[in-house]
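Number of protein chains: 2
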Amino acid sequence: MVELVRETLHTSVTDPVAASMNFLNEVAGRFPDAISLAAGRPFDEFYAVEDVQRYLAAYIAHLRAEGVSEARLRQAMLQYGRTNGQLGPMIARMLEIDEDIRVPADSIMVTAGCQEAMIIALRGLCAAPEDVVLAAEPCYVGFTGAARVLGVPLVPVPETPDGLRPETVTRVAREVRASGRRPRAVYVVSNFANPSGVSLSPEVRRGLIDAAAEEDLLILEDDPYGLFGLDDRRSPTLKSLDTDQRVVYLGSFAKSVFPGARVGFLVADQTVVSAAGHRSLLADELSTVKSMVTVNTSPIAQAVIGGVLVSCGYSLRAANREKIAFYRRNLRALLAALDHHFSDPGITWNSPSGGFFAVMSVPVRADEKLLELSARDYGVLWTPMSFFYLGGGGSHAIRLSCSALATDQIDEGVRRLAALIADVGS
Amino acid sequence: MVELVRETLHTSVTDPVAASMNFLNEVAGRFPDAISLAAGRPFDEFYAVEDVQRYLAAYIAHLRAEGVSEARLRQAMLQYGRTNGQLGPMIARMLEIDEDIRVPADSIMVTAGCQEAMIIALRGLCAAPEDVVLAAEPCYVGFTGAARVLGVPLVPVPETPDGLRPETVTRVAREVRASGRRPRAVYVVSNFANPSGVSLSPEVRRGLIDAAAEEDLLILEDDPYGLFGLDDRRSPTLKSLDTDQRVVYLGSFAKSVFPGARVGFLVADQTVVSAAGHRSLLADELSTVKSMVTVNTSPIAQAVIGGVLVSCGYSLRAANREKIAFYRRNLRALLAALDHHFSDPGITWNSPSGGFFAVMSVPVRADEKLLELSARDYGVLWTPMSFFYLGGGGSHAIRLSCSALATDQIDEGVRRLAALIADVGS
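In the order they appear, the protein sequences are chains A and B. In the working numbering, each residue carries its 1-based index in the first sequence increased by 353. In the working numbering, each residue carries its 1-based index in the second sequence increased by 353.
Please note that a few of the clues may not be correct.
If chains are identical, the list can't say which one is meant, so a pair holds when it fits in one copy or spans any two.
[Said to hold, decoys possible] Calculated cross-link-like contacts (lysine to any residue; reagent style SDA-like; alpha-carbon spacing at most 25 Å): (1) Lys-676 / His-749; (2) Lys-722 / Pro-385; (3) Lys-676 / Arg-394; (4) Lys-722 / Ala-628; (5) Lys-722 / Glu-638; (6) Lys-676 / Ala-566; (7) Lys-676 / Leu-426; (8) Lys-676 / Ala-424.
The hints are simulated quantities; they were obtained by calculation from the structure and are not laboratory data.
Produce the complete structure using the sequences and hints provided.
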């Protein structure tokens with residue numbers, strides 16, 4: 354019988370962050386009655402199963418109304434499709450209406466979720482062994498995972514409690530260059546980041562674009578939570594401020610529609626020039642990578658998202674009113690519950706202006722042992738912030754999520770957390 | 354304005370095979386009236402667009418009949434799902450009925466098409482810089498592409514006209530090891546390979562398993578065409594002969610259902626043992642890689658395939674009778690047309706016993722220039738075999754495909770090809 358030695362498998366298999374996430378899931382499975390302030394997935398009662406078929410039908414009806422022949426329609430749904438997908442024009446329209454982003458449809462690649470967009474952008478941009486990517490830290494684990502699969506080194510750019518500072522990006526980029534490596538891009542979540550909850554101020558956005566220009570970096574902007582601010586003020590995405598084509602925008606429909614479609618996209622409107630002087634779009638160049646990872650994104654899944662976009666007049670902001678209200682209510686409930694149940698001035702948390710997450714500093718080591726105790730004896734789950742640091746950090750902080758819970762469970766979850774901290778922190 | 358230098362992008366972007374494929378597609382686009390003996394995609398008139406919704410409904414009805422609650426059903430379709438997918442039990446049943454492969458459902462990972470299965474298997478197995486994978490040559494371009502994205506070196510194992518020989522695998526594995534590298538696996542298409550059309554004889558199958566055991570290699574078996582033999586004789590898949598868990602099976606629904614679902618799978622029932630003595634299934638270990646590439650395969654796409662499996666009693670062989678008859682007719686038409694239109698004994702071709710492809714040796718250099726001439730002046734497309742060689746080869750051979758054409762076009766396509774060869778080959 355074949356027996357493979359685990360330690361000879363790739364480091365992405367034995368990734369400690371993945372092991373931590375598995376541990377979290379395993380604890381959640383063992384204590385199903387624990388209230389989860391850990392789960393960052395979207396609340397899933399906004400749609401019914403039948404909506405999938407309704408949106409499919411809406412997309413098909415739309416194509417027929419546009420005069421697409423039955424033979425072409427059949428090919429579009431059942432055959433291998435265009436590598437970069439068929440939703441480019443619809444997504445371009447949505448980006449203009451919702452985000453004031455004006456890009457050609459050809460610069461958009463539809464991907465198998467935003468995760469694949471990260472893989473493709475990283476793969477295309479990082480070629481030489483000295484190529485590295487900077488990432489705001491704490492960092493979304495999906496991005497660190499994508500880099501690990503490809504063996505692309507990430508260099509952390511530490512965030513302050515107010516988020517990323519452009520001058521830190523400049524400093525880290527220069528240090529990287531001084532060490533003989535080449536910084537290709539910086540990864541940042543512009544609004545209500547996972548895990549920190551922090552958003553970039555308008556000044557920081559402009560400063561970041563200037564810093565990237567000065568250091569010859571691209572910006573990989575990830576914005577899955579942008580719709581879900583606590584109020585209607587909109588911060589401009591980096592991409593909408595990007596007059597220089599310096600931003601590669603990574604898009605997700607997981608929160609604005611639902612995760613099960615597994616459809617995301619990237620916008621890569623940068624010009625690529627070959628040694629022979631031939632000019633092309635980065636999105637077209639990256640299509641080769643896409644073809645080697647998943648060939649093309651399932652046209653059936655694309656059709657579902659297309660049906661959603663057609664049905665909402667290409668404005669996910671308009672289509673998400675109910676969800677926006679729900680997540681606002683939940684984040685306010687979380688922040689109110691923290692105020693109510695924690696009075697020790699030594700315990701602090703941030704107050705994100707939107708999104709799914711907040712971060713709390715605790716006077717104890719927030720490790721897997723504490724998490725297990727918390728689940729077993731206190732009936733509450735949360736995420737150690739240490740999961741989100743590349744080289745250590747976050748040992749005394751936890752991420753609290755309020756996205757997957759019914760609003761009335763949040764206060765009880767926080768009450769249980771306060772009991773845990775009161776008992777072990779004293 | 355940002356301008357990226359193409360030569361600083363990753364080698365997978367500037368892959369010459371991808372450039373060749375793009376050239377082929379571009380020529381096909383410029384000469385839409387040319388008969389394509391190049392397109393290897395499946396014929397797409399077996400399904401209608403409405404079938405997608407019918408299969409979705411069948412899967413949903415099946416889950417309801419099994420007693421799955423509406424809340425669970427909604428989660429199963431709309432939420433992030435299990436990393437390795439939800440079709441494991443159904444695929445296990447299909448493999449047993451159709452292929453005499455008996456594996457636990459947990460050893461099956463559902464992937465975003467077979468392309469992602471290749472990426473995940475290669476990534477998990479190849480860790481160290483000295484890890485390489487052997488591949489029967491000529492080789493499917495999707496596999497060479499997957500290796501290129503990851504930077505995994507492939508070492509060709511030259512096929513004879515009768516296909517791969519186990520002793521060549523042994524020889525190449527030993528050469529690789531002698532050069533200080535570690536051969537981890539050998540990639541092979543067992544039935545009617547793309548591009549060669551060749552199948553492994555029953556003796557070669559057994560010999561290959563023995564050779565792999567002796568050289569401590571895994572076998573990556575890819576079998577997208579196995580259903581489509583010219584007669585009902587079934588050759589056992591390597592996986593069905595695999596008493597040693599030496600074969601990782603790469604599965605595709607692109608030909609047996611349709612490509613638009615973008616659902617494939619891998620079977621990895623190997624035992625993995627950690628330094629601490631913990632035992633697990635390779636499929637479970639690889640789930641970390643899957644989570645970093647696409648999180649999980651679209652549950653909507655999985656539901657469509659699940660609906661197909663439910664509807665056909667888990668036998669794709671039974672469900673594909675009409676398609677099997679069609680592809681038999683087309684391959685026979687191709688071979689008959691070659692007999693009819695080519696009389697020069699210096700021009701030879703093989704006679705595959707099934708599948709979509711045959712290979713012809715031609716007395717001229719079958720390059721892009723000849724392809725363009727062929728499309729423009731003779732109205733026929735084909736694929737240069739040189740696309741399928743890693744380090745040169747195939748310069749005087751072409752791949753002929755008969756899968757995407759209506760049967761009555763094949764003879765005319767071959768007639769045009771014969772005219773081309775008669776004119777330029779003399």
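Results of checking the hints against the structure:
no.: 1; hint: Lys-676 / His-749; in the structure: neither (32 Å within a copy, 61 Å between copies)
no.: 2; hint: Lys-722 / Pro-385; in the structure: within (18 Å within a copy, 65 Å between copies)
no.: 3; hint: Lys-676 / Arg-394; in the structure: within (13 Å within a copy, 41 Å between copies)
no.: 4; hint: Lys-722 / Ala-628; in the structure: between (56 Å within a copy, 23 Å between copies)
no.: 5; hint: Lys-722 / Glu-638; in the structure: between (47 Å within a copy, 23 Å between copies)
no.: 6; hint: Lys-676 / Ala-566; in the structure: neither (36 Å within a copy, 56 Å between copies)
no.: 7; hint: Lys-676 / Leu-426; in the structure: between (32 Å within a copy, 21 Å between copies)
no.: 8; hint: Lys-676 / Ala-424; in the structure: between (38 Å within a copy, 18 Å between copies)
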